[in-house]
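Trainee: Sequence:
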Amino acid sequence: MNDIAHNLAQVRDKILSAAARCGRDSEEVTLLAVSKTKPASAIEEAIAAGQRAFGENYVQEGVDKIRYFQEAGHRDLQWHFIGPLQSNKSRLVAEHFDWCHTVDRLKIATRLSEQRPADKPPLNVLIQINISDEQSKSGIPLASLDALAAEIVELPGIQLRGLMAIPAPETEYERQFAVARQMAVAFAELKTRYPTVDTLSLGMSDDMDAAIAAGSTMVRIGTAIFGARDYTKNKGN
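Per this note's numbering, residue 12 is the first one in the sequence shown, and the count goes up by one each step.
It should be emphasised that the hints constitute simulated quantities derived from the structure, not laboratory data.
Quick caveat, the model's predicted, so the values are computed rather than measured.
Do not rely on the hints blindly, as some may be mistaken.
Label-pair distances were calculated between CB atoms; the ranges are [stated by the list, open to error]:
{"id": "1", "residue 1": "Arg86", "residue 2": "Ser143", "range": "36 to 44 Å"}
{"id": "2", "residue 1": "Gln126", "residue 2": "Ala161", "range": "19 to 27 Å"}
{"id": "3", "residue 1": "Lys118", "residue 2": "Asp144", "range": "32 to 40 Å"}
{"id": "4", "residue 1": "Pro50", "residue 2": "Ser155", "range": "32 to 40 Å"}
{"id": "5", "residue 1": "Tyr184", "residue 2": "Ala158", "range": "30 to 38 Å"}
{"id": "6", "residue 1": "Gln146", "residue 2": "Gln97", "range": "26 to 34 Å"}
{"id": "7", "residue 1": "Glu200", "residue 2": "Tyr79", "range": "33 to 41 Å"}
{"id": "8", "residue 1": "Ala239", "residue 2": "Gln89", "range": "20 to 28 Å"}
{"id": "9", "residue 1": "Arg102", "residue 2": "Arg63", "range": "35 to 43 Å"}
{"id": "10", "residue 1": "Tyr184", "residue 2": "Ala239", "range": "30 to 38 Å"}
Cβ coordinates follow ideal geometry from the N, Cα and C atoms, glycine included.
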């Protein structure tokens with residue numbers, strides 16, 4: 012077993028254990044492998060180990076990988092855009108990705124809807140919540156969620172699937188859980204209004220246990236699968 016396959020098995024075991032501790036079925040939690048800055052060869056190893064959902068932060072890098080794997084015959088992969096999205100890059104996301112986790116304003120949502128090719132299913136989108144109220148992070152406050160959600164569900168080229176957040180780092184489990192519960196409550200309320208809502212993208216390597224206990228349905232794991240990243244290759248993406 013190679014390193015990536017071994018790492019994936021370990022992460023899956025951790026998801027299984029975290030779900031079991033809070034009485035959930037691990038099948039309710041999707042593992043999104045964050046492959047940003049990693050070469051196609053690393054993704055190929057993850058695919059060989061059964062991974063199908065991948066997250067990319069840089070638009071052009073992600074598009075290049077999507078094209079590469081489509082040409083290689085991998086048509087069953089799911090590609091998630093999980094980075095900040097600028098208006099001038101929205102067309103590439105709309106045309107190539109399956110999901111966008113970082114919708115935080117109507118302008119971006121409208122562009123994604125208008126630019127989604129007619130021969131593709133609607134782009135799955137998540138509204139990004141700035142749950143820790145950090146100025147350095149994208150996302151909207153929870154107080155703005157209802158209004159934005161009501162506007163997004165009217166757009167034909169995209170489909171609202173739920174919420175995403177990147178909480179501020181916390182070392183204590185209780186604090187991690189408290190923040191994750193805020194997201195889970197908002198997610199539950201959104202589900203009661205919109206039948207397409209089924210995804211709470213929350214939790215990374217350091218807070219995955221608390222996120223799953225709170226109700227996350229998708230965890231985003233990168234370094235624990237692929238190892239440390241080299242960011243010098245991605246300037247300007």
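Trainee: With 33 to 41 Å as the target window, see if Glu200 and Tyr79 comply at their CB atoms.
Mentor: holds (40 Å)
Trainee: Between Arg86 and Ser143, is the Cβ distance one that fits in 36 to 44 Å?
Mentor: holds (38 Å)
Trainee: For the range 32 to 40 Å, tell me whether the beta carbons of Lys118 and Asp144 fit it or not.
Mentor: The hinted range 32 to 40 Å is violated for Lys118 and Asp144, with Cβ atoms some 22 Å apart.
Trainee: Given a hinted range of 30 to 38 Å, is it respected by the beta-carbon distance of Tyr184 and Ala239?
Mentor: violated (25 Å)
Trainee: Is 32 to 40 Å a correct range for the gap between the Cβ atoms of Pro50 and Ser155?
Mentor: holds (38 Å)
Trainee: Take the C-beta atom of Gln126 and the C-beta atom of Ala161, compute their distance, and say whether it sits inside 19 to 27 Å.
Mentor: holds (21 Å)
Trainee: Evaluate the given range 20 to 28 Å for the C-beta pair formed by Ala239 and Gln89.
Mentor: Because 25 Å falls inside the window, the suggested range holds.
Trainee: Is it true that Arg102 and Arg63 lie within 35 to 43 Å of each other by Cβ?
Mentor: Hint violated: Cβ distance 25 Å, outside 35 to 43 Å.
Trainee: Is it true that the C-beta distance of Tyr184 to Ala158 lies inside 30 to 38 Å, as the hint says?
Mentor: holds (33 Å)
Trainee: Are Gln146 and Gln97 spaced within 26 to 34 Å by their CB atoms?
Mentor: violated (18 Å)
Checked against the numbered hints above, the structure violates hints 3, 6, 9, 10; every other hint is satisfied.
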